[in-house]
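*Asks:* Using the supplied hints, reconstruct the complex from the two chains, each of which is provided in its own coordinate frame.
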Amino acid sequence: MDFTLSKEHEMARSLFREFAEKEVKPLAIEVDETEEFPKETVAKMAKAGFMGIPIPKEYGGQGCDVLTYAICVEELAKVCGTTAVIVSAHTSLCCDPILTYGTEEQKQKYLPDLASGKKIGAFGLTEPGAGTDAQGQQTKAVLEGDEWVLNGSKIFITNGKEADVYVIFAITGMIEKRGRMTKEISAFIVEKGTPGFTFGTKEKKMGIRGSSTYELIFTDCRIPKENMLGQQGKGFGIAMHTLDGGRIGIAAQALGIGEGALDRTIAYVQERKQFGRAIGAFQNTQFQLADMATKAQAAQYMVYKAACTKDQYTKDHKTSYNVEAAMAKLYAAEMAMEVTTKAVQLHGGYGYTREYEVERMMRDAKITEIYEGTSEVQRMVISANLLK
Amino acid sequence: MNLEEYKGVFVFAQQVDNKVSGIALELIGEGKRLAEKLSTEVTAVLVGSGVKDLADELAAYGADKVIVVDDPELKEYRTEPYAHALASVIDKYKPEILLVGATAIGRDLGPRVSARVHTGLTADCTSLEIGDFPINPIPGKEQKHNQLLMTRPAFGGNTIATIACPDFRPQMATVRPGVMQKLEKKEGAKAVVEEFNPGFTPDSKYVEIVEIVKNITDTVDIMDAKILVSGGRGVGSPENFKLLDDLAEAIGGTVSCSRAVVDAGWKSKDLQVGQTGKTVRPSVYFAIGISGAIQHLAGMEESDIIVAINKDETAPIFDVADYGVVGDLNKIVPMLTEQIKAAVANK
Ligand SMILES: Cc1cc2nc3c(=O)[nH]c(=O)nc-3n(C[C@H](O)[C@H](O)[C@H](O)COP(=O)(O)OP(=O)(O)OC[C@H]3O[C@@H](n4cnc5c(N)ncnc54)[C@H](O)[C@@H]3O)c2cc1C
Ligand SMILES: Cc1cc2nc3c(=O)[nH]c(=O)nc-3n(C[C@H](O)[C@H](O)[C@H](O)COP(=O)(O)OP(=O)(O)OC[C@H]3O[C@@H](n4cnc5c(N)ncnc54)[C@H](O)[C@@H]3O)c2cc1C
Numbered sequence: 000m001d002f003t004l005s006k007e008h009e010m011a012r013s014l015f016r017e018f019a020e021k022e023v024k025p026l027a028i029e030v031d032e033t034e035e036f037p038k039e040t041v042a043k044m045a046k047a048g049f050m051g052i053p054i055p056k057e058y059g060g061q062g063c064d065v066l067t068y069a070i071c072v073e074e075l076a077k078v079c080g081t082t083a084v085i086v087s088a089h090t091s092l093c094c095d096p097i098l099t100y101g102t103e104e105q106k107q108k109y110l111p112d113l114a115s116g117k118k119i120g121a122f123g124l125t126e127p128g129a130g131t132d133a134q135g136q137q138t139k140a141v142l143e144g145d146e147w148v149l150n151g152s153k154i155f156i157t158n159g160k161e162a163d164v165y166v167i168f169a170i171t172g173m174i175e176k177r178g179r180m181t182k183e184i185s186a187f188i189v190e191k192g193t194p195g196f197t198f199g200t201k202e203k204k205m206g207i208r209g210s211s212t213y214e215l216i217f218t219d220c221r222i223p224k225e226n227m228l229g230q231q232g233k234g235f236g237i238a239m240h241t242l243d244g245g246r247i248g249i250a251a252q253a254l255g256i257g258e259g260a261l262d263r264t265i266a267y268v269q270e271r272k273q274f275g276r277a278i279g280a281f282q283n284t285q286f287q288l289a290d291m292a293t294k295a296q297a298a299q300y301m302v303y304k305a306a307c308t309k310d311q312y313t314k315d316h317k318t319s320y321n322v323e324a325a326m327a328k329l330y331a332a333e334m335a336m337e338v339t340t341k342a343v344q345l346h347g348g349y350g351y352t353r354e355y356e357v358e359r360m361m362r363d364a365k366i367t368e369i370y371e372g373t374s375e376v377q378r379m380v381i382s383a384n385l386l387k
Numbered sequence: 000m001n002l003e004e005y006k007g008v009f010v011f012a013q014q015v016d017n018k019v020s021g022i023a024l025e026l027i028g029e030g031k032r033l034a035e036k037l038s039t040e041v042t043a044v045l046v047g048s049g050v051k052d053l054a055d056e057l058a059a060y061g062a063d064k065v066i067v068v069d070d071p072e073l074k075e076y077r078t079e080p081y082a083h084a085l086a087s088v089i090d091k092y093k094p095e096i097l098l099v100g101a102t103a104i105g106r107d108l109g110p111r112v113s114a115r116v117h118t119g120l121t122a123d124c125t126s127l128e129i130g131d132f133p134i135n136p137i138p139g140k141e142q143k144h145n146q147l148l149m150t151r152p153a154f155g156g157n158t159i160a161t162i163a164c165p166d167f168r169p170q171m172a173t174v175r176p177g178v179m180q181k182l183e184k185k186e187g188a189k190a191v192v193e194e195f196n197p198g199f200t201p202d203s204k205y206v207e208i209v210e211i212v213k214n215i216t217d218t219v220d221i222m223d224a225k226i227l228v229s230g231g232r233g234v235g236s237p238e239n240f241k242l243l244d245d246l247a248e249a250i251g252g253t254v255s256c257s258r259a260v261v262d263a264g265w266k267s268k269d270l271q272v273g274q275t276g277k278t279v280r281p282s283v284y285f286a287i288g289i290s291g292a293i294q295h296l297a298g299m300e301e302s303d304i305i306v307a308i309n310k311d312e313t314a315p316i317f318d319v320a321d322y323g324v325v326g327d328l329n330k331i332v333p334m335l336t337e338q339i340k341a342a343v344a345n346k
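Residue numbers (numbering that gives the first Met the number 0), protein chains in the order written: chain A, 0 to 387; chain B, 0 to 346.
The following block holds chain B by itself, in its conformation from the complex (with noise of 0.2 Å):
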């Protein structure tokens, strides 16, 4: 492998449903700054069916070429069609880096391609830089330059580890929705358009769809819920919750509760966060009308982000808390729900 044969920043634009996702849209605002970084471009990879009028989309929120992989074959994810364009694109146009998205798609797709062209992955990166690897000289060992810096949470977030792919190429990274800035709309602008296509065959490792599904599920599990509104005493009665429910519909979160709740008879025990509920890890946590006893924090306390609605302010929940508000409850969901509606519809 000659490394130096390989130049520039790709992102994989995941898109669903010809639309494309906000996680694409991210990593062409972070794969700029890299490539900026390394005096290069960013290259988005547009992989799907009748996708190719998406390419100006990419290109407002930054992409200074986007390769097109249109093909019926791709109207729906599926691993092995999307794992052979994006393999395909790698063997033709030699990325640098290469960022994915790390939903569900992009860990499914990430693992399948870095393996077939024979690369490192990091997978549900937070962070990125680039840097020197090691990052700190090592006698005898030769330090890299211009090496992509994966940071990551390991050991379910206990520590934070920095990988870096200094043999092969690309450097290949999934990267967790929500973490990267995207840029600011540039209406009017357009990206060099590529199409390329390595052809597709069907066989038996081409998965058969037989039906998606997309509901809203009543029953989520709280500790698979990415967002959770979790309501503790200060909600006041069963009715109230009323307020919770309307932000978790704005946000697309879940209701949780702590144990007082529970005891109080306002919910069932299975939305109990804490020692003798369930131990939660969404993104972001809602801590509304909850002081943040011990025993609540044990379950909930290694959330991303913790946001606190409470009026005392030296309730406990403060400490944790990543973000709070001291105030009522009663005056301040309501207001932050209609201030997330507005947001999403603006979007």
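One chain only, chain A, in its complex shape (with noise of 0.2 Å):
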């Protein structure tokens, strides 16, 4: 066993954390406040490589492991929530299903322009009355001729409107399981722009608010027979196993998230005095300190294990990493939510305020333990394992 990062990880890890210090930090209270989508760092995010790192390089991607991934997802997320998940999405929800599941058309077709950010990829699986119980789906596509044709609609979408490929769920009829009829689902690749598919509205949201978060639409929208990713009847089973991976990059950014508060509030009980001293000085500062780095600490190789357990998985798909995920995204998140909270007490009345930005990643931190299924689900999963 060996705990330090390979030189080639290490030195991905500087990089990605001059861009992040470079290009993403200085506008992160800008997109807080304005709500609006880094159109400007994507494309430079795009640029760098950053939109395919752990795609393989015969289909446009950077070819690396997904370790590196989960580093620059963790290295964005210590700057910005948001930058964070906009990576996180496409790569996890859009790229890695169609990789996955995707035949070798689909793959030539769609992984190239993604992998290299000229497009944007986006999931979506959520609807009104389908959350955590993603088989409440209402969503329907019915094959007409050559087409499917889809009616229904997605509700909470990351990168809905910005993203050009979405990987979206559907009804495509209803099946026998253990003897009571149950809704068959598939998985589709729908593109931007196909008529009957718009836009609803855009959430207003707590944190990560330059991250866009749309309502799909889809009505009598058909797209062509052969978008069908994967077998039909697969499409609960995809979505699963590709929240699996996904979670590896909320884990990262819940982690960079943590990290990134946890540094601010080193710089800060060191500058910060009161009764004569800096707040550093008090044991009690000290101590939350020592809580903070020990949790973040933890969350940091939680995260690392699950990624290298999935890169396990590509090379032998006997190995399974989704518990690995759930540990990690549970722990990461949950740690995130506590010492972003700690950050923001230990910057006193400052915190409180949007110019020492803890208090936008406190915001942030928050969703990590609802999205890409929740702290329960997560529990769920780890728990059923124990228990199988």
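Each hint should be verified, as a subset may be incorrect.
Only pairs whose alpha carbons sit at most 25 Å apart, straight line, appear in this in silico SDA-like list of lysine to any residue [what the hints assert, rightly or not]:
#, chain 1, residue 1, chain 2, residue 2
1, A, K201, B, E238
2, B, K64, B, L37
3, A, K139, B, G235
4, A, K203, B, T275
5, A, K203, B, T278
6, B, K51, B, V261
7, A, K201, B, D321
8, A, K139, B, D311
9, B, K266, A, I28
10, B, K266, A, T200
11, A, K160, B, K51
12, A, K160, B, K6
13, B, K266, A, F155
14, A, K203, B, V261
15, A, K201, B, S267
16, B, K6, B, R111
17, A, K204, B, D269
18, A, K203, B, Q294
19, A, K191, B, F240
20, A, K201, B, K51
No lab work stands behind these hints: they were computed from the structure. Small disclaimer: the values here were computed from a predicted structure and weren't measured.
*Replies:* Set out below in structure tokens:
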């Protein structure tokens, strides 16, 4: 067992960090305040190759491992939770299922543009009535001749409206399962601009405010038959497996948010003086910091382990990484919430203002306990494995 | 109080502008049913000025007897003279049961009268029966027979209460309009008409009516509307809401909508029904082209009657709908409007 990162990973990290400090950090406040999608930053990330880190070179990606990708998301999140989730949703939730389940034609058609960042990806599973219970779908796809006709809507879709390629889930029929009729769900690739595919409202959120979260609407939206992703009726499995991977991205985002808040707090308590001393001289401050750092470190190992296990899976499909991913996301998200909350506290009244940024991190952290499966869902995944 | 003295089912035959209100006929129909169980008659109490001619209409719908209190002081509804009229009728004729419509007038009048004659009143009943009280015998407690069992939703409809008034007479209830059935009209039927005037002496308690305004307000708060015609994304365009406007006009309803409609900019936010919009509880809610997302249902599932029109038979709205039509709203809504117009015209 070796706990040091390889030279390549270290180099990648310093590249990501430099980019984050130079390109992302200066805009973070503005992105939050204006709630605007950072288009230019994304274009720059595309140029730098951030949009296709774990995609094989043959499909136009960087051909790096999942760990490198996780480090990228982590470094971005240290300065801007919004920017981190744009990369994570694009990579884990759109590129990854196409890479895993796509036909050779689909991969050739979609991955190069996605991996280069020329196009952005999104993932549409959630509906007003189907959140944690993803089986509760209402969106339908009916085969008419050579086309699938989609009807329904999706809600809370990250990168919505900004994305060009959407992996969408819909009911394609009813099947008998253990004597009961259940919905047969299938996955599809839908392109922006397809007639009948429009956008509803942009949600006004507490945090990650620059990430665009939209409703997707399908009204007699016709897509070619060959845009089905994976086999008919395998959509639920595809969604679940995709989310297993996505959780590593969100875990990395949470990790970054927590670490970013910790970094700022360490600097702050050394500068701020009360009672003639830096507040960092008070033992309460010191112990808080110790707890924060310990939890962040624990989270980091968990996230990295999940990433490495997924890399293992890429080589040998017998390895599973869903429990590692669930544990990493659960722990990292709760760490992020706790650490950012403490960071605000240690900043005192200043921490409550929007100038000091830890409040934004606290707002951003909360969502990591919610999306891509709530913390409760992660506990379900983990305990199911313990008791199987 | 000698309970034995009190006999017969009485209904307050509400009239406005010398036209019998629909609720009066519904109450006669229901009163007839109750009277039969008690082997007695139903008497309508007609209060107003120059209203005697209306007695035949009440007879045609089943009133055996009509007591007319006719006096210029009773031209328009006012609490004091009407309460005096009705309380005097009770004192003189001693009815066993007295039903009043739970209209704006009836809700004002009922409690005044019950307090004046010192008896019990159950408000806004949706079902009435004759039966034993307590419903199940309780050891050591007398079970009285032939009591009026008055059932009404309580606590915002979360609970159903059945209430009796065993020790005082008359047993009074206000009854929700639209729940009871009127009888088939029998042309030429005549009732025994009896005039009674307790005398009216205007005093300071007599309200002075300055002006009566009868216009249809355009901007009804959807939370107050009795009938809501609600449209969703399925309506398709703001122009197409015309279909719903027509239906609303025909049925006397108000148009509301889902969030999808507000988001699309077709309607203003104050018409939005749902978790982040308004919570409504009309008597009838038409959900037209609305899928029935939980955020929408949360705002309207307490409606008394929900009618859904949707082309998708698996839409979740059908899980809460009392009546549903699977089909294209563009065809169904105009047909429905026509039918309602025809029904209103024939009334
Ligand atoms: C929204 C808002 C409204 C406010 N309204 C009012 C108001 O109406 N009236 C008013 O007078 N003030 C008000 N304040 C100011 C508020 O009372 C102070 O911000 C608060 O008392 C903390 O002071 P500080 O900001 O200087 O933080 P600091 O004193 O710098 O404290 C920073 C951190 O160090 C910790 N710390 C400080 N000293 C010690 C110690 N000896 N031992 C251990 N830990 C320590 C603190 O607990 C905190 O975690 C308001 C502030 C805000 C943000
Ligand atoms: C934070 C938040 C808060 C929300 N709050 C609310 C709220 O307060 N109120 C609310 O309503 N929603 C709310 N929503 C939105 C909710 O989740 C749904 O998206 C919304 O209710 C859907 O509106 P709809 O039923 O009109 O549209 P859709 O779900 O798109 O349904 C349209 C329906 O019309 C049918 N249809 C289409 N064409 C025809 C036709 N020709 N004839 C008949 N039927 C047809 C379709 O079959 C479909 O069932 C909220 C969402 C969020 C995220």
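*Asks:* Now tell me, hint by hint, if it's right for this structure.
*Replies:* Outcome of the hint check:
1. A:K201 / B:E238: The hint holds at about 24 Å.
2. B:K64 / B:L37: holds, 16 Å
3. A:K139 / B:G235: holds, 19 Å
4. A:K203 / B:T275: holds, 13 Å
5. A:K203 / B:T278: Given that 25 Å is the threshold and the Cα spacing comes to 21 Å, the pair holds.
6. B:K51 / B:V261: violated, 52 Å
7. A:K201 / B:D321: The hint is violated at about 33 Å.
8. A:K139 / B:D311: Judged against 25 Å, a Cα distance of about 10 Å means the pair holds.
9. B:K266 / A:I28: violated, 34 Å
10. B:K266 / A:T200: holds, 14 Å
11. A:K160 / B:K51: violated, 70 Å
12. A:K160 / B:K6: violated, 73 Å
13. B:K266 / A:F155: holds, 22 Å
14. A:K203 / B:V261: Satisfied, since the Cα-Cα distance of roughly 15 Å is no more than 25 Å.
15. A:K201 / B:S267: Roughly 17 Å between the alpha carbons, so the hint for A:K201 and B:S267 holds.
16. B:K6 / B:R111: holds, 21 Å
17. A:K204 / B:D269: This hinted pair holds, its Cα atoms lying about 21 Å apart.
18. A:K203 / B:Q294: holds, 16 Å
19. A:K191 / B:F240: violated, 28 Å
20. A:K201 / B:K51: violated, 64 Å
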